[in-house]
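From first to last, the protein sequence lines stand for chains D and B.
For the record, in the first sequence the residue sitting at position 245 is 245 according to the numbering used here, with numbers rising by one throughout.
For the record, in the second sequence the residue sitting at position 6 is 6 according to the numbering used here, with numbers rising by one throughout.
FYI, nobody ran anything at the bench for these hints, they're computed from the structure.
Since we're looking at a predicted model, the values are computed, not measured.
Backbone N, C-alpha and C fix where the C-beta goes; we use that ideal spot for every residue, glycine too.
Warning: the hint list may mix true and false statements.
[Unchecked claim] Here are the simulated lysine to aspartate or glutamate pairs, EDC-like style, with alpha carbons at most 16 Å apart: (1) K233(D) - E244(D); (2) K93(D) - E97(B); (3) K139(D) - E174(D); (4) K93(D) - E174(D); (5) K93(D) - E171(B); (6) K16(D) - D72(D).
[What the hints assert, rightly or not] If you want the ones that stay clear, here's a sample from chain B, every Cβ over 12 Å from chain D, calculated: (7) G64; (8) Y94; (9) L129; (10) R170; (11) A175; (12) R182; (13) V183; (14) P190; (15) F223; (16) Y226.
[Stated by the list, open to error] Partner residues are not named here, just some residues of chain D that face chain B (Cβ under 8 Å, in silico): (17) N54; (18) I57; (19) G88; (20) P98; (21) Y107; (22) G108; (23) I111; (24) R113; (25) M114; (26) Y115; (27) L121; (28) A133; (29) W135; (30) R161; (31) K186.
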Amino acid sequence: MESKISISNLNFYYGKEQALHDITLEIPERQVVAFIGPSGCGKSTFLRTLNRMNDTIPIAKADGTVLIDGKDIYAPNTDVVALRRKVGMVFQKSNPFPKSIFENIAYGIRINRMYENKADLEQKVGKALHDAALWDEVKDRLNTSAFGLSGGQQQRLCIARALAVQPEVILMDEPASALDPIATQKIEELIVELKKQYTIVIVTHNMQQAARVSDRTAFFMLGKLVEYNATQKMFTNPDERLTEDYITGRFG
Amino acid sequence: MSNKESLHRRRKIVSSLTTTITAVCAFFAIAVLLIILSYIFVRGIASINLQFLVDTPKPVGEGGGIGNAIVGSVLMTLLACVIGLPIGIGAGVYLAEFGENLFGKTVRFLADTLIGVPSIIVGIFIYTLVVLPMGRQSGLAGGLALAIIMIPIVARTTEEMIRLVPDSMREAALALGAPQWRVTWNIVLPAASTGITTGAMLAIARISGETAPLLFTALNSRFYNYFYDQPMASLTVQIYNYATGPFDVEHKMAWAATLILITLILAINILVRFLTRKRF
């Protein structure tokens, strides 16, 4: 299996405080990798190092290497804008723009100049909405505000928005944590569907969710990677005692 | 049981008391404004007619109006907006998005100070800087003085409004590969537009009511003047002149001009709200 992302000896600091300790991890192409662990264990921080979202925090500093398709994204000549186009992101809280449903999806296509004419733009917006399994619900109201959608629909809109710029990797930071079980199920089905085309990294607090959608699971604690294994093995016969305690809820 | 009931009753009394007290406060806040507005309306409406709106001031007893003052006020406010709004909004964007450094902190402090400076000092400043070199008072000088008053107000309100835009929205745009300037320009600014408009309206209302900075800079004029290089009449200075005159007919015209000024500010407010209303 080809590695899409390969992280070695990554350390991460917020000022003097070290948030990640010496992480080494391979993320295979077109698979779903889940990050689990207690709150504050660094899994979200780690996710955000993969598209350099942490750059927006002035005191944050990373060392070590993160290779995506063999290229070090922390090399000084990295084009962060291009990186983020390639590595899309979906956030914990759905965050649509205060624009119409259509314009939410069109935004990324427009700023990256990925369309030839109006018809092409409409076609690409439609495809993204189809791929996010949202088209049938919004096709008659594309020009209405995105805030009129339900929470689950808004989150799928954010997924569609990320898909629209044709990324290769999608990072999801607890994408279903604010949704009800039915909306969550839709997102999970979507993740399994998207795996055919995209490499997906998902942070989740929901262990059943990790078990259901992921191929591999990484367990983090206190900024350290405790165990990284095939999900099946992780949830039935983990190598580490700590992992087993966490997964079975026998913690502390 | 009875203890529970008395607790319940107490809670209801406190709740209705709080509602009543705040409602009374709200009533007083709006009542003063209503009294002022209705008083101005009653005193002013009688003297308003078409003649009054289009005529220039004439010697006492020959009628006269405020036509040139309306034009002057509009022209100088317009000039102040053309200069003050872009600079003020631009400065506000800088302070909110990039202003966490020494320069930003200095600018913020100076802007706050400038907001508190009496407006007549701004008039004297422009008098020294523009009026003396030009050799005469002018609409240009008046507009500049108003712009200077406007800039810090617009800058600070813009900054506050932009800070209210949630970071998650910025992150969403950044994660799509949007460069920082695009995030600011077509995500943050539109999201904050309603608040920025409110700030701009407050600033426009404030400068429309200024008299002191215009006394030194635009002076006044008895004639229609559409050009910025000559002294210019304004509603506020005209009101001052009429109100301080010895004759009752002048006082009536001062009331009428005040009513016109308030109506103009209200009209601009409604128009701008309509034009910049939120569609999403």
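Structure-based check of all given hints:
With a C-alpha separation of about 11 Å, the suggested pairing of K233(D) with E244(D) holds against the 16 Å cut-off. In summary, the hint linking K93(D) to E97(B) is not supported, as the alpha carbons are separated by about 22 Å, beyond the 16 Å threshold. A distance of roughly 27 Å separates the Cα atoms of K139(D) and E174(D); the hinted pair therefore is violated under the 16 Å criterion. In summary, the hint linking K93(D) to E174(D) is supported, as the alpha carbons are separated by about 8 Å, within the 16 Å threshold.
A hinted pair counts as satisfied when its Cα atoms are at most 16 Å apart, and K93(D) with E171(B) qualifies at roughly 11 Å. At roughly 24 Å between alpha-carbon atoms, K16(D) and D72(D) are farther apart than 16 Å, so this suggested pair is violated. Chain D leaves G64(B) outside its interface by the beta-carbon criterion, the shortest separation being 50 Å against a cut-off of 12 Å. With a least beta-carbon separation of about 16 Å from chain D, Y94(B) lies farther than 12 Å from that chain, consistent with its non-interface assignment.
Every CB of chain D lies more than 12 Å from the CB of L129(B), the least distance being 39 Å, so the non-interface label holds. Distance to chain D contradicts R170(B) as a non-interface residue, since its nearest Cβ pair spans about 8 Å, not more than 12 Å. Not every Cβ of chain D is farther than 12 Å from the Cβ of A175(B); the closest lies at roughly 4 Å, contradicting the non-interface assignment. Non-interface call for R182(B) relative to chain D: violated, since the shortest CB-CB distance, roughly 6 Å, does not exceed 12 Å.
The beta carbon of V183(B) sits about 9 Å from the closest Cβ of chain D, which is not more than 12 Å, so the claim that it is off the interface is violated. Annotated as non-interface, P190(B) brings its C-beta within 12 Å of a C-beta of chain D; the closest such distance is 7 Å. Against chain D, the non-interface label of F223(B) holds: every CB pair exceeds 12 Å, the least being about 48 Å. Distance check for Y226(B) against chain D: the nearest CB is about 40 Å away, which clears 12 Å, and the non-interface claim stands.
Here the hint on N54(D) is broken, as its CB sits about 11 Å from the closest CB of chain B, past 8 Å. Checking I57(D) against chain B: minimum C-beta separation of about 10 Å lies over 8 Å; hint violated. Taken as an interface hint, G88(D) checks out: its beta carbon lies about 6 Å from the nearest beta carbon of chain B, inside 8 Å. Annotation: interface hint on P98(D) holds; nearest CB of chain B at approximately 5 Å, less than 8 Å.
Interface hint status for Y107(D): upheld, as the beta-carbon distance to the closest one in chain B is roughly 7 Å, under 8 Å. The restraint placing G108(D) at the interface with chain B holds, with a minimum CB-CB distance near 4 Å, inside the 8 Å limit. The interface hint given for I111(D) is met, as the beta carbon of that residue sits about 5 Å from the closest beta carbon of chain B, less than 8 Å. At about 11 Å, the closest approach between the beta carbon of R113(D) and any beta carbon in chain B exceeds 8 Å, and the interface hint on this residue is violated.
Against a cut-off of 8 Å between C-beta atoms, the interface hint on M114(D) is violated, since the closest Cβ of chain B lies about 10 Å away. Below 8 Å, beta-carbon pairs count as interface contacts, and Y115(D) has none with chain B, the closest being about 14 Å; its hint is therefore violated. About 15 Å separates the beta-carbon of L121(D) from the nearest beta-carbon of chain B, more than 8 Å, and the hint is not met. Proximity of A133(D) to chain B is violated relative to the hint, the smallest CB-CB distance being about 20 Å (cut-off 8 Å).
Taking 8 Å as the C-beta cut-off, the interface hint given for W135(D) is violated, the closest approach to chain B being about 20 Å. With a least beta-carbon distance of about 7 Å to chain B, the hint placing R161(D) at the interface is held under the 8 Å criterion. For K186(D), the suggested interface contact is broken, since its CB lies about 20 Å from the closest CB of chain B, more than 8 Å.
This entry does not satisfy hints 2, 3, 6, 10, 11, 12, 13, 14, 17, 18, 24, 25, 26, 27, 28, 29 and 31, going by the numbered hints stated previously.
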